[in-house]
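Protein chains: 2
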Amino acid sequence: MKAFVTGAAGFIGSNLVDRLLSEGHSVTGFDNFSTGFREFLEPASRCSQFRLVEGDLLDGDALARAMAGADFVFHLAANADVRFGPDHPRKDLEQNTIATANVLEAMRAAGVRKIAFSSTGSVYGEPEVFPTPETAPFPIQTSLYGASKLAAEGMLAAYAAAYGYQVWIFRFVSILGERYTHGHVFDFYKQLLAHPAHLDVLGDGHQRKSYLHVHDCVNGILAAIAQAPEAVNIFNLGTDEYCEVNDSIRWISERLRFTPELRYAGGQRGWAGDSPFIFLDCTRIRSLGWRPQLTIREGILRTLDFLQRNPWVLEKRR
Amino acid sequence: MKAFVTGAAGFIGSNLVDRLLSEGHSVTGFDNFSTGFREFLEPASRCSQFRLVEGDLLDGDALARAMAGADFVFHLAANADVRFGPDHPRKDLEQNTIATANVLEAMRAAGVRKIAFSSTGSVYGEPEVFPTPETAPFPIQTSLYGASKLAAEGMLAAYAAAYGYQVWIFRFVSILGERYTHGHVFDFYKQLLAHPAHLDVLGDGHQRKSYLHVHDCVNGILAAIAQAPEAVNIFNLGTDEYCEVNDSIRWISERLRFTPELRYAGGQRGWAGDSPFIFLDCTRIRSLGWRPQLTIREGILRTLDFLQRNPWVLEKRR
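Protein sequences, first through last, are from chains A and B.
Heads up: the first sequence is residues 61 to 378, going by this note's numbering.
Heads up: the second sequence is residues 61 to 378, going by this note's numbering.
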């Protein structure tokens, strides 16, 4: 495979790049380094099958040029900042919706017709069915992030119908593991390093969340593109479990041997658009034989290990 | 109400403007006249409560200035050309998705928090449930037009969550009636005027379609915004019936007293992305007391009357 990976220097992107290279594929990574790290591409850069193109998805011409010769696009670049969406609504529109439109158009220009896309369980808004299947009732969006990913999903499917593309859409739960650099566990860890005696918690701590380790995530993506044959293939990707925010706090505190006083902001939701319960039905991807190897607890602990071994990440991020 | 109507010179927009003025509201109409007609605003322009601003939704600053002082936005401007979407995919993105983002941002700038939006039954793709309710299973998009409207719907709902907007989303069947200027009936009428002896029909003629008269459509919009109190209100809007393309051909031919030879292109769909069956469940809007006054047949015949009385429309359109 001649893979083209957007967001190659990001968390999931760089893990995918390493995995594709290890399986002998050639990979062109594309990133504007707005949130990605060059450090994450160090292993890849030692491989002759890897090429890095620094560029922005909003520059469609540069994108199409970089994509020339590829036969499969993994579109992972995104503004993944859910919580602060309302501070800059244009960002989700540009970096998720319009950027995806540009990727799809660059594919037309470059003659590439297969694409895997990182969507999100946030497209379900606040669902009423748990675990939530891919065929859940038509959702109502609750975040700008989810809306921008839904918009991108719709375009992928429409391009499949209009131009014969084959598309794989993955609705992720929260992904964590090596190279994880933002979110829940990151925030808690950073807080506890700064002040081990207390922890500020958004919401009431009872928000129920699902997590998946990035290696399981990459395995799921590769299993699906190898096996799912439809024009439009949509898969939830998560573990068959969830935990409370309070559970993750307890696991993190135990591992770090801290006993912080917990200060809850209160309310069912951590912020406007936060979903109080995320739990996806992953029967469809499991029917392909895929299984997650790590539990949520194991994933969280490995994430902590990564953050402890890589203090530079905390320095660089915010 | 101080209404701001985008697409005011369009088919549905101009009918809505007339109706709002007749009820004593003041109306600012906004249109770039890319597909709208000045003739459709002639009645409105005689009313002192009406103001026309010529401008483009892609110019966000001009839009926000024009919107100042309004308290309700009706966002009807769109690229409504479903069939030729694949010829110019950027058009749906810009004129539907990005234009809607600009409307929502202009509302923030102008302090307006209520918006009614013309979406489409096309967001259901090719549904498996008939009649199709608002809560149908999570759809897969089959047209760039539907995808762009779905993207807009998602942003409206996300703005409701993020900024306290109140939004009304209407998923229309095909609308026809006075000032109708493109689509099915228009194409058949135009063909028959040019060559009464034969009619080229896309697909096999068995596509099942739903239509609603524009006056019933406007009635439905006004009933919903007056009565539906949620932050996000979503309504299908159609009749409780459907017809085959062959039915509409028969009604049109009988009215015109033509007996054309029918030349079918064949296939279940008229074009890539055409839905072979559109039939929406309108229980929700009916629960507000709204009823369509005209059947599909009556709507088609009134549309023909309009086209016969206004031959200039055929001259100007394409």
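Do not take every clue at face value.
As the list makes no split between identical chains, a pair holds if one copy fits it or if it spans any two.
[Unchecked claim] Cross-link-like lysine to aspartate or glutamate pairs, in silico, DMTMM-like; alpha carbons within 25 Å at most:
(1) 250 / 99
(2) 174 / 186
(3) 151 / 301
(4) 174 / 116
(5) 62 / 301
(6) 174 / 147
(7) 151 / 186
(8) 174 / 304
(9) 62 / 188
(10) 62 / 375
(11) 174 / 102
I should point out that these hints are in silico values taken from the structure, not numbers from a laboratory.
**OP:** Of all the hints given earlier, name the ones this structure violates by number, lowest first.
**Re:** 3, 5, 8, 9, 10, 11
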